[in-house]
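Protein chains: 2
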Amino acid sequence: MNDIIVMKFGGSSVANPEKIKNVALRVTEKAKKNDVVVVVSAPGDMTDDLIAKAKSITDTPDPREMDMLLATGEMQSIALLTMAIKSNGYDAISLTGPQAGIYADDVHTKAKIKKIRPKKIFEELKKDKIVIVAGFQGINPNDDITTLGRGGSDLTAVALASALKAKECEIYTDVKGVYTTDPRIVPEARKLERISYDEMLELAGVGSQVMMARSIEVAKKYGVIIHVRSTFSQDSGTLITKEVPNMEDVVVSGIAFDKNESKVSITDVPDKPGIAAKIFGALARANINVDMIIQSAAQEKYNDISFTVPKGDLKNAVGLLKNLSSKLGGGSVIFDDNVAKVSVVGIGMKSHPGVAARMFSALAGEGINIEMISTSEIKISCVISSASTERAVKLLHKKFGLDKVKK
Amino acid sequence: MNDIIVMKFGGSSVANPEKIKNVALRVTEKAKKNDVVVVVSAPGDMTDDLIAKAKSITDTPDPREMDMLLATGEMQSIALLTMAIKSNGYDAISLTGPQAGIYADDVHTKAKIKKIRPKKIFEELKKDKIVIVAGFQGINPNDDITTLGRGGSDLTAVALASALKAKECEIYTDVKGVYTTDPRIVPEARKLERISYDEMLELAGVGSQVMMARSIEVAKKYGVIIHVRSTFSQDSGTLITKEVPNMEDVVVSGIAFDKNESKVSITDVPDKPGIAAKIFGALARANINVDMIIQSAAQEKYNDISFTVPKGDLKNAVGLLKNLSSKLGGGSVIFDDNVAKVSVVGIGMKSHPGVAARMFSALAGEGINIEMISTSEIKISCVISSASTERAVKLLHKKFGLDKVKK
Chain A
20 MNDIIVMKFG
30 GSSVANPEKI
40 KNVALRVTEK
50 AKKNDVVVVV
60 SAPGDMTDDL
70 IAKAKSITDT
80 PDPREMDMLL
90 ATGEMQSIAL
100 LTMAIKSNGY
110 DAISLTGPQA
120 GIYADDVHTK
130 AKIKKIRPKK
140 IFEELKKDKI
150 VIVAGFQGIN
160 PNDDITTLGR
170 GGSDLTAVAL
180 ASALKAKECE
190 IYTDVKGVYT
200 TDPRIVPEAR
210 KLERISYDEM
220 LELAGVGSQV
230 MMARSIEVAK
240 KYGVIIHVRS
250 TFSQDSGTLI
260 TKEVPNMEDV
270 VVSGIAFDKN
280 ESKVSITDVP
290 DKPGIAAKIF
300 GALARANINV
310 DMIIQSAAQE
320 KYNDISFTVP
330 KGDLKNAVGL
340 LKNLSSKLGG
350 GSVIFDDNVA
360 KVSVVGIGMK
370 SHPGVAARMF
380 SALAGEGINI
390 EMISTSEIKI
400 SCVISSASTE
410 RAVKLLHKKF
420 GLDKVKK
Chain B
20 MNDIIVMKFG
30 GSSVANPEKI
40 KNVALRVTEK
50 AKKNDVVVVV
60 SAPGDMTDDL
70 IAKAKSITDT
80 PDPREMDMLL
90 ATGEMQSIAL
100 LTMAIKSNGY
110 DAISLTGPQA
120 GIYADDVHTK
130 AKIKKIRPKK
140 IFEELKKDKI
150 VIVAGFQGIN
160 PNDDITTLGR
170 GGSDLTAVAL
180 ASALKAKECE
190 IYTDVKGVYT
200 TDPRIVPEAR
210 KLERISYDEM
220 LELAGVGSQV
230 MMARSIEVAK
240 KYGVIIHVRS
250 TFSQDSGTLI
260 TKEVPNMEDV
270 VVSGIAFDKN
280 ESKVSITDVP
290 DKPGIAAKIF
300 GALARANINV
310 DMIIQSAAQE
320 KYNDISFTVP
330 KGDLKNAVGL
340 LKNLSSKLGG
350 GSVIFDDNVA
360 KVSVVGIGMK
370 SHPGVAARMF
380 SALAGEGINI
390 EMISTSEIKI
400 SCVISSASTE
410 RAVKLLHKKF
420 GLDKVKK
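Residue numbers (my numbering), protein chains in the order written: chain A, 20 to 426; chain B, 20 to 426.
Honestly, the hints are just simulated from the structure, not real lab data. Beta carbons are placed, not taken as given, at the ideal position from N, Cα and C, and that holds for glycine. Among these hints, one or two may not hold up.
[Claimed, not checked] Just the calculated beta-carbon pair ranges, DEER-fashion:
| id | chain 1 | residue 1 | chain 2 | residue 2 | range |
| --- | --- | --- | --- | --- | --- |
| 1 | A | D67 | B | R136 | 35 to 41 Å |
| 2 | B | N21 | A | D162 | 23 to 29 Å |
| 3 | A | D124 | B | D64 | 34 to 40 Å |
| 4 | B | K334 | A | G108 | 30 to 36 Å |
| 5 | A | D254 | B | T128 | 38 to 44 Å |
| 6 | B | A301 | A | K52 | 45 to 51 Å |
| 7 | B | D110 | A | K334 | 34 to 40 Å |
| 8 | B | A71 | A | D125 | 33 to 39 Å |
Go ahead and model the full structure; you've got the sequences and the hints to work with.
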């Protein structure tokens, strides 16, 4: 057998017959030298259209039936792509998630993959067939079709690549790879040749929307090499791999930012054990995703607690906290939705002290005020005023030399 | 357990959310007193749209992939209908053909049902659920989804009714039942309370498009009582059952007609054994469906052979026969596509001689020329000129008293 390559194409790549034929060409080219397994999403806006159809029947569609409905999108993609590949003179077969042996748990509409039994896929590869698998779906312990939630097709691709011991998992997108920052803001942004899982996780988590964090975590866990590349170009893209020694030469890999943030503070919270747990427990129960959290002792026996939440959750969070603060004997609740988060990401910073200091002084030098700071081993994030975001990103991109090609 | 009723709704009954909600109401009403299994087709024109999509990829779509594609139509219907039923406060579950235990052969796009294992359906009925099954599909010996060809959803319903020992198989359509003839032509046409399988087969075969012959044959074989009725009315429709004694009082049940006919004749064919086999063998190999066949000895040692074929096959048939006739030493090939077939159908005519004579004299009395005649135990068909069709149907409907309500 040849090396196995998993190729994953998103919905925009199979939105119409012309695009499906283009994907078929990419696949048959690859199949000349490799055993190929393809994962596809539903065509174009079909998933959204189906959700709208369900909502026109009832406001609260049954989740099992929602999965039955949504699974049809990927089934159409795999059937049409397989027809296109066969009409190019290559043998191919489409498999639904259940047929491909993708076993999931029974949480409908957001199931987790439990295991993969790739027997059928191997059988078909041995018959020299290209195997086209429906992304985003699996079979649950009740033998029902289930879907894997947002980013599910990437997850299918990465999990299959692991189960098949594929050489590489290629994620085809409408961008050429992972960039040092958003090229729409910094024209000098460079495509990265290679990035580590952890760096990609930080970039994905702070607004670089190439892949969902979930799939990268699975790739990291099982050591799957991901290759993010363009559907419309032959150029190689960005490899996402485990950390390799020469990576350490690169201190900073990219600048990420997220404008979908707002800042909330509760002042004068009594400094007693269990207070933070009460506050963040209440937010969690309301399904409000809290990101950066900072607690500062403004005066003895009282703390100010500040954190960021997505803009869409701000109103709920503030309402909930005003109630809670009076119960806890805290002070006022202050909020600001004109903020953004800017992050410097790089594995190299673990062994290069001073990255934070350079970041802060760069921002200060341009008169950009830092409202909050949080750090991890490979990331430093600052909350700044929203209006300064683009200026800060450009500045940091240049300051850390990301516009210069590395050796 | 209550009596089981199978309800089948076609694509036009589930074409949009409003119609799906209407079907859900019909189903939940029925479920108050019965255990209900529902069979649904793909919504509206979806099957045709999907076929068009496949054709825009390739002129010769792979049949297995075509089935993967087409099966999504019924899956969308069952999911949406089940959501609608559940939002009415009834418990329900959708099952694909494979999940419902419908096992088919491996002839993709026109599979035959081999057996039904209704274990899962019974389990769900015992949990007091309404079971919604995708029509037109099953699973084949390779564990692939396959479709059952034209009229496949009716077939699913009838086969399930048999396997579940249902009290009745209700076929919901946009007409109120089976009529003595087409009400668009004869306003006095009456809805029949009851008709035998054999009569229905003759009516279906000669142009009454309520149900395909295939499903009626299966219903006859397994004794399934079919109830053809309207989606939009509470009135009962027409029962299709086995022949019962009091049926014999009714000599003629209906007048059928088919304008999609053309007549072909080969003159002066040598009267030797095996000639007819050669002619009709050649037509069969060309997939041309021959209906009425008449052979007459015009003169010693030579025959004229006439038969009817669908209008769409006429050109092919004539081309093929011109070649063949010269090889066989036959004469010229004559054709006429301005013909129609009018049939009088009724189980009672088996024991009432003279029906044929009454038919011929009625047509003659109006100056309508009969070009061909064929008879079976329960049907007499005449080929006449196409222009006279409506006049002949009206005349025969009146002549056999079909406009008068029977006791």
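Okay, the hints, checked on the actual structure:
For the hinted restraint 35 to 41 Å between A/D67 and B/R136, the CB-CB distance of approximately 37 Å keeps it satisfied. Checking the proposed 23 to 29 Å range against B/N21 and A/D162 shows it holds: the Cβ atoms sit about 26 Å from each other. For A/D124 and B/D64, the Cβ-Cβ distance of about 37 Å falls inside the hinted range of 34 to 40 Å, so the restraint holds. At about 33 Å, the beta-carbon gap between B/K334 and A/G108 stays in the expected band of 30 to 36 Å.
Between A/D254 and B/T128 the C-beta distance comes to about 41 Å, which sits within the given range of 38 to 44 Å. The given range of 45 to 51 Å is respected by B/A301 and A/K52, whose C-beta atoms sit roughly 49 Å from each other. For the pair B/D110 and A/K334, the beta carbons lie near 37 Å from each other, so the given range of 34 to 40 Å is met. The hinted range of 33 to 39 Å is satisfied by B/A71 and A/D125, whose Cβ atoms lie roughly 37 Å apart.
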